[in-house]
Amino acid sequence: MSLRKFITNKTTAALAVLITVFANTSVFAQDAAAGAAAAPKVDMGEVYKSVIFYILVFLAVCLFIAIIGKAIKVYELSREAQGKPVGINWNRVHASLFALFLVIGLYGVYWEYTVHGAMLLPDAASEHGKKIDEMFNLTLIITTIVFVVTHILLFGFSYIYKYSAKRKAYYYPHNNTIEKIWTIVPALVLTVLVLMGFLTWRSIFFKVEDPNNKPLQIEVTSEQFKWSIRYPGADGIVGNKNYKLTTATNTLGIDFKDINSRDDEMADEMVLPVGKPVKLILTSKDVIHSFYMPHFRVQLNTVPGMRTIFEFTPTKTTAEMQQETNDPNFKYLFLCAKICGAGHYNMQKVVRVVSEAEYKTWIAEQKTYLNDDLRKQFNLPVAPAPVKSVADSAAKDSAAVKTNQMALNK
Amino acid sequence: MSTIALHDEHNHDHADHGHHKETLISKYIFSMDHKMIAKQFLITGIIMAVIAMGLSILFRIQLAWPDQNFPFLETFLGKWAEGGRIKPDFYLALVTIHGTIMVFFVLTAGLSGTFSNLLIPLQIGARDMASPFLNMLSYWFFFMACVIMMSSFFIQTGPASGGWTVYPPLSVVAKAMPGSGLGMTLWLISMVLFVASSLMGGINYVSTILNMRTKGMDLWKMPLTIWAFFLTAILGILSFPVLVAGVVLMVFDRSFGTSFYLSDIVMGTDILPNEGGSPILWQHLFWFLGHPEVYIVIMPALGISSEVISVNSRKPIFGYHAMVYSLIGITVLSFIVWGHHMFVTGMNPLLGGVFMITTLIIAVPSAVKTFNYLATLWRGNIRFTPAMLFAIGLVSFFISGGLTGIFLGNASLDINLHDTYFVVAHFHLVMGSAAIFGMLAGVYHWFPKMFGRMMNAKLGYLHFWLTFIAAYLVFFPLHFLGLDGVPRRYYAFTEFEFMKKWLTVNVFVTWAAIMAALAQVAFLFNFFYSIFKGKVSPQNPWESNTLEWTAPVEHLHGNWPGEIPTVYRWPYDYSKPGHDADFIPQTVPFSQTMSSNLPHDFEGNAEAEKIQQDWELANPVAESKG
Numbered sequence: 000m001s002l003r004k005f006i007t008n009k010t011t012a013a014l015a016v017l018i019t020v021f022a023n024t025s026v027f028a029q030d031a032a033a034g035a036a037a038a039p040k041v042d043m044g045e046v047y048k049s050v051i052f053y054i055l056v057f058l059a060v061c062l063f064i065a066i067i068g069k070a071i072k073v074y075e076l077s078r079e080a081q082g083k084p085v086g087i088n089w090n091r092v093h094a095s096l097f098a099l100f101l102v103i104g105l106y107g108v109y110w111e112y113t114v115h116g117a118m119l120l121p122d123a124a125s126e127h128g129k130k131i132d133e134m135f136n137l138t139l140i141i142t143t144i145v146f147v148v149t150h151i152l153l154f155g156f157s158y159i160y161k162y163s164a165k166r167k168a169y170y171y172p173h174n175n176t177i178e179k180i181w182t183i184v185p186a187l188v189l190t191v192l193v194l195m196g197f198l199t200w201r202s203i204f205f206k207v208e209d210p211n212n213k214p215l216q217i218e219v220t221s222e223q224f225k226w227s228i229r230y231p232g233a234d235g236i237v238g239n240k241n242y243k244l245t246t247a248t249n250t251l252g253i254d255f256k257d258i259n260s261r262d263d264e265m266a267d268e269m270v271l272p273v274g275k276p277v278k279l280i281l282t283s284k285d286v287i288h289s290f291y292m293p294h295f296r297v298q299l300n301t302v303p304g305m306r307t308i309f310e311f312t313p314t315k316t317t318a319e320m321q322q323e324t325n326d327p328n329f330k331y332l333f334l335c336a337k338i339c340g341a342g343h344y345n346m347q348k349v350v351r352v353v354s355e356a357e358y359k360t361w362i363a364e365q366k367t368y369l370n371d372d373l374r375k376q377f378n379l380p381v382a383p384a385p386v387k388s389v390a391d392s393a394a395k396d397s398a399a400v401k402t403n404q405m406a407l408n409k
Numbered sequence: 000m001s002t003i004a005l006h007d008e009h010n011h012d013h014a015d016h017g018h019h020k021e022t023l024i025s026k027y028i029f030s031m032d033h034k035m036i037a038k039q040f041l042i043t044g045i046i047m048a049v050i051a052m053g054l055s056i057l058f059r060i061q062l063a064w065p066d067q068n069f070p071f072l073e074t075f076l077g078k079w080a081e082g083g084r085i086k087p088d089f090y091l092a093l094v095t096i097h098g099t100i101m102v103f104f105v106l107t108a109g110l111s112g113t114f115s116n117l118l119i120p121l122q123i124g125a126r127d128m129a130s131p132f133l134n135m136l137s138y139w140f141f142f143m144a145c146v147i148m149m150s151s152f153f154i155q156t157g158p159a160s161g162g163w164t165v166y167p168p169l170s171v172v173a174k175a176m177p178g179s180g181l182g183m184t185l186w187l188i189s190m191v192l193f194v195a196s197s198l199m200g201g202i203n204y205v206s207t208i209l210n211m212r213t214k215g216m217d218l219w220k221m222p223l224t225i226w227a228f229f230l231t232a233i234l235g236i237l238s239f240p241v242l243v244a245g246v247v248l249m250v251f252d253r254s255f256g257t258s259f260y261l262s263d264i265v266m267g268t269d270i271l272p273n274e275g276g277s278p279i280l281w282q283h284l285f286w287f288l289g290h291p292e293v294y295i296v297i298m299p300a301l302g303i304s305s306e307v308i309s310v311n312s313r314k315p316i317f318g319y320h321a322m323v324y325s326l327i328g329i330t331v332l333s334f335i336v337w338g339h340h341m342f343v344t345g346m347n348p349l350l351g352g353v354f355m356i357t358t359l360i361i362a363v364p365s366a367v368k369t370f371n372y373l374a375t376l377w378r379g380n381i382r383f384t385p386a387m388l389f390a391i392g393l394v395s396f397f398i399s400g401g402l403t404g405i406f407l408g409n410a411s412l413d414i415n416l417h418d419t420y421f422v423v424a425h426f427h428l429v430m431g432s433a434a435i436f437g438m439l440a441g442v443y444h445w446f447p448k449m450f451g452r453m454m455n456a457k458l459g460y461l462h463f464w465l466t467f468i469a470a471y472l473v474f475f476p477l478h479f480l481g482l483d484g485v486p487r488r489y490y491a492f493t494e495f496e497f498m499k500k501w502l503t504v505n506v507f508v509t510w511a512a513i514m515a516a517l518a519q520v521a522f523l524f525n526f527f528y529s530i531f532k533g534k535v536s537p538q539n540p541w542e543s544n545t546l547e548w549t550a551p552v553e554h555l556h557g558n559w560p561g562e563i564p565t566v567y568r569w570p571y572d573y574s575k576p577g578h579d580a581d582f583i584p585q586t587v588p589f590s591q592t593m594s595s596n597l598p599h600d601f602e603g604n605a606e607a608e609k610i611q612q613d614w615e616l617a618n619p620v621a622e623s624k625g
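From first to last, the protein sequence lines stand for chains A and B.
If you're matching positions, the first sequence starts at 0 in numbering that gives the first Met the number 0 and goes up one per residue.
If you're matching positions, the second sequence starts at 0 in numbering that gives the first Met the number 0 and goes up one per residue.
Hint data in this document are derived by calculation from the structure and do not stem from the laboratory.
Certain hints may be false.
Covered by chain B, according to a simulated footprint, are these stretches of chain A (three or more residues, beta-carbon under 8 Å) [said to hold, decoys possible]:
#1 142-151
#2 223-232
#3 245-251
#4 329-341
#5 344-357
Here are the simulated lysine-lysine pairs, DSS-like style, with alpha carbons at most 30 Å apart [stated by the list, open to error]:
#6 B:Lys457 to A:Lys167
#7 B:Lys448 to A:Lys243
#8 A:Lys179 to A:Lys167
#9 A:Lys130 to B:Lys457
#10 A:Lys225 to A:Lys348
#11 A:Lys72 to A:Lys48
#12 A:Lys72 to B:Lys448
#13 B:Lys457 to A:Lys165
#14 A:Lys165 to A:Lys225
The C-beta atom is built at its ideal place from N, Cα and C for all residues, glycine as well.
Chain B extracted, bound-state conformation (with noise of 0.2 Å):
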């Protein structure tokens, strides 16, 4: 009713949306603006990232010292961890939901959410997102997931424990261990509403790139981070229903005596009537969103480090059209590998040789993009700003993880690598510590767009290091753990002879992680102290040519006061020769240039081309300078 007439009112100008009266409520809780609800996704991120951390804390703790007492456990954990001594029910609990926050709400809905809410529509010049109701349900909802997941803390039978990967019948047959009744229910519960929130926010924002760039931005002006996004929500909206289809599934196994993943099953001499379903039906189900998840993770990563690279070298990113087609590539290798993590489950092996040809394939562009890093980096003009750092870092750990995933692509050398440490050490690198390198990456660079004040940059640079240094020696030596033959998800390594060997490694690694965790107090500090009082920030701190920077600091509902602008170039001409500033953004004319414009500009438009050539003609000095 009234928004038909509200509609009527803002048609003769859309710039002034806020001029309607804003309410605590309506701005920072229900909020529609995707600026707000950009932040809303990350401070939830942040905090569920810490929460996650400090449950590996927990369980790192128990490998490291698996015979010592730690009273003050008792007194936060109470009977989980009786005596002081974690129990192996409650170990693979906090395993388990690590895992689950970790990759789910952190590293897809914390960073997905965070930078796709707030750069897409500031990147394409557009003044909100092409649904903002449903962009505020899609937080809402992936608030509501977070909530019921950690409320599984608070029950009898405690979290789900199956790992994150809830294989069944584990996790279906309620006797097989405390974790699969309610915990596992609640677990099921707030995935259907997290993959409600991504799939709401990947409709989102496929129709906002689709639909609303501004004039002049197309497809081939859009910087990498938009790319980057818009594949990632590509890959989610037809991953994510499958997982939905599962879980579905697994609900009636769970509550209503279906048999889709069960089969033959005797819990000690009590037979279960369950007949003719597969646990490797599950798999298959759960690996086709999982095997995309992990790009829907690592590529945001990608595409903001992209961006970050290149602003911070002062050079144009090398080969952005190999960098978009081997993103596109890896979008659609990605739906044809899942079956490498069932090499060994007892799927037919004659898959496993196809699946291991389609893996490995997806190595090329990955290595392109590496390369292309490199190149970006190469004779470049560095500035070393935090966000630089950890896009740096981000390269050294995709590197240092994407080659262990050579290992464990090949069939042959997963027999003897699978559920081993070598695994743990390749996913926390390749996935685990490049994403969240990316997101810190994104976080110190667009701060000042997201709060209009700056962040500390030394804590930024002390944060960086200490981080980089103990994620290195946390997982490095894991990966010896693996070839070595000791398994993951192991509540204690005193049972076996030859893996006592490695109880001084654990101890170590064990200190490593506590400073990585505490190195993080220096980033929620300056996180929340720069909020309020950091230093405001310019216009364009990093002089960048993105459009997100000739957006006002200080924040209005429809981005841009007056008529957006419109966009004359690609995104990165840094240090372009013939130009004075060593960027040109986005915004500026090639009749603004002349003196740095190049043939290649033109895209064979024969009349400008005429124009610069008579321009050339006219200004025979300029034209040698440059």
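Isolated chain A, as found in the complex (with noise of 0.2 Å):
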């Protein structure tokens, strides 16, 4: 009845006279006006073309929602014209929706696992990493059996305890049993989970350094937007810099006063030797950026004026990953996770993983950043600079690692 005088409405009718009428003739008019503009410009019929569809398609939806509801609603004063109980018992659809939306959930839940749970990264690439991918999949196991526990007991009783006119719901206002064990068992499992993860990452950032295997040095300096590495040279440490000495030609102010910066070697790449543990030393020029290597679970903020270290051990050269990963153009990078401007989304270098002797090979060929320019800047003598002899690089060594502590400190 009603239904029927939605339809034969006048309103209705004129309004979907007017919608149609609108819609042709602005395409209409917006392919004259395409066949009349100069060729260069863009054709923009199509485009208007294909908004006023998608937008009678929205208003057809609507118009069939609204022809629903109204069968709905014939059908339900109907039923009460005619003295009958009521048409749709709505408490009996949500209840069945929700049972519905469990199952379907539920297996929407196993998909993602299996079909996007296969795309994630590949197993750690580093020592710690390997722990951080055992404390996650504990926390991941722990969490999912919670997640599904507690959804099918939330839509659960959702499709049990339907409303009923028979029944009257049970009067329980609280049981301090109950909700003792509720409030204890989760602080266990919780005190498991803090007590592993302090300990990882302890583990991580709590390093004790192994006389025997020094840590290779090497530091990385963020800039909008772009990395620039330097390698410590034959004397294993990076010298200072001071971003006072910014210049054109020294763009990362590295000071050349310090005989330690003199042999720094710049690279294009991050290349790493398998096994050997790695001092990352983080600095940036400008704005903060974050240091991010997924497939090693490395990840720190550059900060101006502070620098950051974070020490790993790669355990999986490129060549080994690209087996595992049955994709022979494997890489792995680095790239900026925290927001710095507009070209955020692409600050990345890549990383290469390789034998200790292709390692002595490549960094032999890199370049100092001292050249002849600089050496001028700093009235430094134009000619190599001399080998150093090894006890005189030790105890700068033992020298060095003082100063990056205090660094960590500030």
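Hints are included, so try docking the two chains, each in its own frame, into the full complex.
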């Protein structure tokens, strides 16, 4: 009855006519305009046509929903008029929908875990990364169990205890024993997770240095929107920097008065010898960036005015990883994970993990930051730096560790 | 001058506040009536939510089709989308303003502002807020904050675009990005006004709850909504001023050459003179507010859902005291967990360990709340009103999003998850979707109280199911992007080989987001249509116990004609055995419900217990029946 009224309604009809006319005329107008316009101008006709098409589809859907709504209303009113019980028991509808949602949802979660879950990062390629992965898996198992159980209860109760006029709810305001149990159990589970997390965290950031296997120092400097890598050179120490020394030729502001800086080498990519600890010294020139190496489970922000340090040991070479992932084009990389401006989405550098021997040949080919221009600037003799004795560099080593620790404290 | 005279006039009968002449302006614009202010907050909040949702659709389109042109975008956005492609700078502005509007303007002001204002006086039995004028000011400061924030879209350099957390130096150094110019200044001004608004509101809520409860309404008889609003207001009062302090320092750094957050900065080869500051300081100040802020967002939603779930399950909320204590626990703990946002910012790793412990402790009260909701549904008699559907949806989101918090709160897992899409998925479920669902539950539930009319239930059902499904379709897959190491706030995923496999997922997510956005049309139509044409509401449409449903449907300044009702019992006596109806309003004295009273009800009052015993002896039949 009211459905018929709705369809025959003059306003509705007029509106429909208006919309059709408007849509047609504007499409035709656009066509005409596009035809008349000069060649380089973008043909907007198609665009408006598609926009109007989508709007019309949406309006059609709205109309469809309105018609269904009216039909339901007609049905319910006619039931009422005939003195029959209510047509649609909405409580039962929703209860069933929740049950359906539970089943389909759980399947969806399973699908996500297996399909998208198979597209994730390969196993960690660093020593501490393995611990992080173990921690992750444990947390994932616990949370998945809780997730599934609570959702079964939530939607299951919604289904079972839907409204019925014959029933009265069970007056059950509290039960201290149950409440104590479900306070203590989560607390215990979380204690386990906290303890494990705490130990993992400590093992990552509070390392005892092995004197026989000193870490390789590499400094990474971020700026909008690129990374600069500095290898320490023969002395194994990355020399001092002072931002006030920054010029067009000395973009990192390296202080070449510091003898440790003079043999520092530049590199286009980060090459790491497998199995050797690496100490990353992270700094930033302009804004905060984040040094993020997902395959190694390494991330730390680079902060202007502060040195941040992350130590890790790569365990798989690039070639090994290419085999493991079955992808001959696989490359390790690091990227920026902290919003830093328009080019944030494309700040990457390739990381290559190679054998010790390959690393040695590669590093020998790298150029030093110090060039003849800079020698003049710093009043240094324009001649190759003398080779230092081993004892000399060892003494410097311990001094450098001290300065680094001070930097960390800052 | 005249205020004193006016006041005198009112002394003899507070009930007819409404008799002085109401003009259009005093009634609808500069209103001091808490109900009108609540509506103002709600409608402003809804408008801001629609805007912020629109922004999110824009950047979702960019993420789904990074290589495609959409010439109609240029029609609307002009130079920010030249050739129909959103520019990277504008993309970041969209992300930033979407976050700012949603967190502050929608889920703080729109949620707390609406429901605290509406429900506090009505549910505790007060004629109005403690300070109606401050209340009005609170709304207008909020409104100004909204206008200023939106105005930044109409300036040459565009809105602030350093992310909603506006980390310096990016947001301080104007050369770092266009948005850090005038747009950022407007952001800061808007924030100061917003915080002022929140503080005025918060002080008002706390003083009203503490001082103006009606006779019999002791703290342990307050509905959980009021407890939630009360603790939220306290959180806001204690944490928002810290943000202002941080903002003031930032204004100094930007405009007066100080170096609170800046040190050793070189833009290209341009060496800045600032020395001695630390960008980490801002992060500490920001997150000292920022973390309590997420509880400011979620606690009112939890309060609303407690009330809605109890009413519609026709059961008392399970563990009322535990619910209050867990809210208190969350309030206290939320002040000492802010460092978990900073595990990898270069903060001393020692602190990381400490913050991890406090963070995971806060999961305990959250778990208790979840279990109590489940226990409330157990053996209930559930009526699926639209409000109830949204409240159940909230519980589901709160579980899903809360559990992923256990990953992020763990410092060692956070190393690889920090600033990835895992974080985006996490907080959009637990804070975004859950809080929005709480807000929508509140709107559907208290719409009759606000406008005296009912919303269309069937459109509400449609709205719920579309939104609920779409929200999961949007946010669930995003977890996996994060686990694959895809960082957030990326303009496009085309530059990295390993991200390209997620492009199809992004297209799917964008379609789901568009579906969610279109579903809101059902709500908007329903909301505005029902204000004028909805079915007139009965006195107590949901058969609820709380005090607001004893006030007349027609609004009057002062809420109740005649005396304010007295409260005798807690608000959750649903389906009490021995009583004929399945609800007993708070205003019904125990003397009228002798057949259903329990020994526990008298809280050790010996005299009352004796009266009850005598009655039970005199009425053995009724006793056995109960």
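Query raised in the report: Against the structure shown, which of the earlier numbered hints fail to hold, in ascending order?
Result: Violated: hints 2, 7, 9, 11 and 14.
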